[in-house]
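K.L.:
Take a look at the letters that make up each chain.
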Amino acid sequence: MERKIDVRNLRVSFRTNNGTVKAVRGINLQLNKGETLAVVGESGSGKSVTARAMLGILAPNSIVESGEILYDGKDLLKMSEEEFHDYRGNRISMIFQDPMSSLNPIMKIGKQLTEAMILNGKANQRTAKKEFNTRFKLLKDAMLKAAEENKSLSAETIQSKMEEFKKISDKGIELTRAYYKALNSAKECANELAMYITDIKKDEPKNIKDELKETGAKAKQVFHAYVISKENTTYEKKLQNYLTKITSYNNIEQADALISSMKELREELEPFASTVEPDFLAMAYYQSKKPAARVTGVDINKLNKEMRDFFEKDFLKDFTSLVAEGIRYSDRRASEAKKETTKKLKDSIQVYEKKTLDQKECEETAAELTKLVENSVDRLALKKDNLAYVFDSSLHSAIKTYFEGIPKNQKEEQRFAADTEKYNKAVAKGKDIGKPIPALIVDLELAHENMILTVKRLYEAYDKEISGSAKKDYKVLAQEMIEHLYIQAHKIVHKITKGMAKYHAIELMQEVGIPEARKRYKQYPFEFSGGMRQRIVIAIALAANPDILICDEPTTALDVTIQSQILELINRLKVERQLSIIFITHDLGVVANMADRIAVMYAGKIVEYGTVDEIFYEPAHPYTWALLSSMPDLDTKEKLEAIPGTPPNMIHPPKGDAFAARNKYAMQIDFEEEPPLFKITPTHFAATWLLHPNAPKVKPPKIVTDRIERMKKLEVADSE
Amino acid sequence: MSDNVLLKVEHLKQYFKMGKGELKAVDDVSFDIKKGEVFGLVGESGCGKTTTGRSIIKLYDITGGNVYFKGKRIAAGTRDFEDKIKDLKADTKLNGKDHSAEIEDLKKQIASAKYDHKHADKKEVTQIQMIFQDPIASLNPRMTVREIIAEGLIIQGMKDKKLIDEKVYRVLEMVGLVREHAGRYPHEFSGGQRQRIGIARSIIMKPELIIADEPISALDVSIQAQVINLLNELRENMDLTIMFIAHDLSVVKYFSDRIGVMYFGKMVELADSEELFDHPLHPYTKSLLSAIPLPDPHYEKRRKRIVYKPEEVHDYSKEKPTLQQVKPGHFVYCNSAELENYKKEVRE
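Residue numbers (the numbering used here), protein chains in the order written: chain A, 3 to 722; chain B, 8 to 355.
One chain only, chain A, in its complex shape:
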């Protein structure tokens, strides 16, 4: 089974005025391809925080203390914001709880659906342009420097080669742009025609005529553009036929004739949508070298191969080795700098490890170190060194926090002491402190540790890198670099037009079961009922075709009938689009329908973890029992077993098992030591001391065992 997401030892806390809230305390989760993993728990158990960490949308006062979330070989927690743009929405998407507040009330549904598609396209263009230019400049500099060192290379050849490459890519961009403009118009026309064919009989002729005319105008553009050569007369004829049919279209009887002409035109346009894209970079080079060569009218795959081969042999081979030299130089220089920096880091860590710290010394060393670290970063490398990039800010903030926490004079010291005493007293009594505690009470030890850790983590990472740098294959890296530049150039051109976005949006709306999507497209959220609104939210989440969908209580705000509709929809989409779903809820009834596996969370920890059958038919943790017994089903008569009390305050998580205080099966050890995850079956784990071989044997509450009995009986009766 393919693993999609792997969460390892994730710890997240939030800094608040009242102290640090430890929201997630070391959880491990795996999400496999095509399955639904349900995360169940009360509010405040950390289930939403876990989901938000996966999307990189944690609140700004959050601290990720440890752990990793692996997706596609990358750690989502250490990803930079720019990188995350690629993942959020495109790969991992989220449905929020309240469909009312997650839609913009003063924006039409259609705009909200297409907004992200269009903006994403624009932003991609902009960043790609910037990325291309900076990367190109860095590469050129590195190559020139390499030439200085290495006598076998001449600066002139490098200059000319780089210029040639730039020229080729510019030309490639031009070709791509022209190609896409024509292709998009063709696609749009085909789509619109397909759409209107189904609508034409429902609508009044005068309503639809204008829109049809617009399509005709677009079809004309296609004709004038690049894709269709001017000799194509059948297309022209069909277009003319279509236009005359529109002008004469006045009553519904003429619809059939119009539809047939629309179909003809569409057939002409449709093949463009499915053609293979030409290799533009190679084509640009090919054209510049052999301007007389004909590139139209040949089988595109064959053409691509021919052009690529020519490009490879004539230009790319030499160019790659030059680029490899540049990368080697840049990498070697960075490695040397890193070695030096590591030494310095190791030397100066004793400045921070002292018992009593000197502010001036700390800051000066920090400034010195940052300079070195900055110098040691290999800016040309495609894989960014996150630790080095954030070293400056994290070290400085750690120093600042530490020294601001130390009182400066006697008066302040007295005030701090008084405040701390007051605070501690209140905490000892278990009181919820009503007003915010003084901001300056910081955990000095923790701040100190943070300082040391920042330095330590960096040199450990550097050590690893230096030992690994000998194995690098610069040729492969150079190929990757050229590929990267090519992709950026391609992105500059790739554009989603409004028409395309609209077509996609309507298609999506139909997919999530919204009737009359074309009419609904122009409406506002308030014109939708709760269930329809949630469908729109789901459509927006699916807009970029993600492969992981996180549903954060998607049905809590809906009533029973709508809830089951939405659940059915999510289940259907899961199969159709092969989604992997993380489903967060507090309602075990909902989970039974949806989940393949369930993780029960309490106070930031996973207390039980197993397949859906195991959780419902053989629950092992007292908290799961409590959850199951606190909800009545249709046959419940006896008094409900409510869980006494409330979830613990996560500023001071209780020692031992967090659930012990509310657990009637709690033993002495539950208050003293945290239970490990006991393995019951290969797929079923529970963190409770009751599973320890020395523990007394207890049975789940009667209400739960009764229900399980009943369910089993039902099943036997059914199978007979």
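No wet-lab data here; the hints were simulated from the structure. Hints should not be assumed to be uniformly reliable.
As the list claims (entries may be wrong) - Taking beta-carbon pairs under 10 Å as the criterion, some of the chain A residues facing chain B (in silico):
| # | residue |
| --- | --- |
| 1 | E44 |
| 2 | G46 |
| 3 | I254 |
| 4 | D258 |
| 5 | V478 |
| 6 | L560 |
| 7 | I564 |
| 8 | Q567 |
| 9 | L590 |
| 10 | N595 |
| 11 | L630 |
| 12 | S632 |
| 13 | M633 |
| 14 | K639 |
| 15 | G647 |
| 16 | L716 |
All C-beta atoms, glycine included, are put in the ideal place defined by N, C-alpha and C.
Guided by the hints, dock chain B onto chain A, whose structure is given.
P.N.:
This is chain B only, laid out in the frame that chain A set:
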């Protein structure tokens, strides 16, 4: 039997003005609540459950129908009489018949309805209390718990501070809070505790009827059970009658003696809870029951939701439906043709 009825709702209509037309939030709903029972009201959001509750407690002036509490009329609407007068007047114009005596009679009835509605005994009405859905929005954040709970008493004219305090402490203890909580503000409490404050506020008036408007749907699962258990306890100790409005059918089934199902402002089915869940008759009830999720994966994987499409199931072109008794205590909204079918279904 009839003296057992605590609240009687007759042809309750509540229309809201909306632009040009009217929104019929509650349209001709009748039911009684017997003393000591829990009456559940279910239906999807927007079907008029909450409006019914609010109309009974006179948060809205009702458009038509009557509400009797302990045999006395506490709320009345005049729309039915007005419509009748209009019809009669039109009849006079068209056919020349003289209806002046009837019109005079109707006018008297309007006057009496208006009088009863306006002069309903305040003391009687305070015996109906309401618990609201959202425990955060329904408590004033600037008042202490003591002030919130005692407000009703003070409005009733109670002046003795000691007595008030004593009463507040007593209800706090009844709902599982402690005396010290009286001096705090709502934001210092958790959701479950806040809902307890809301309950305390309603029971301090010693009510006979409590209208609980989705009291648990904003709470966590574990806290929901606490609140249900608390309501059950209070019901036994204080001899309460409860009208329980909710959309969670499992909870309603567990908690209520009789259940009314509402759909688009109409009461479509009304029966004892066992009866309703064992033998649902109206297609909407069936569809609603088929949508309940249960904590049983095998059952869930097989569960087929029945879709309710009123325009396909019912044919009301010949005869308009009304709420009719199919068997003792079991009412369904149907016309006579459907009634025959339902009766046949029951016999089988």
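K.L.:
Hints the structure violates: just list their numbers, smallest first.
P.N.:
3, 4, 5
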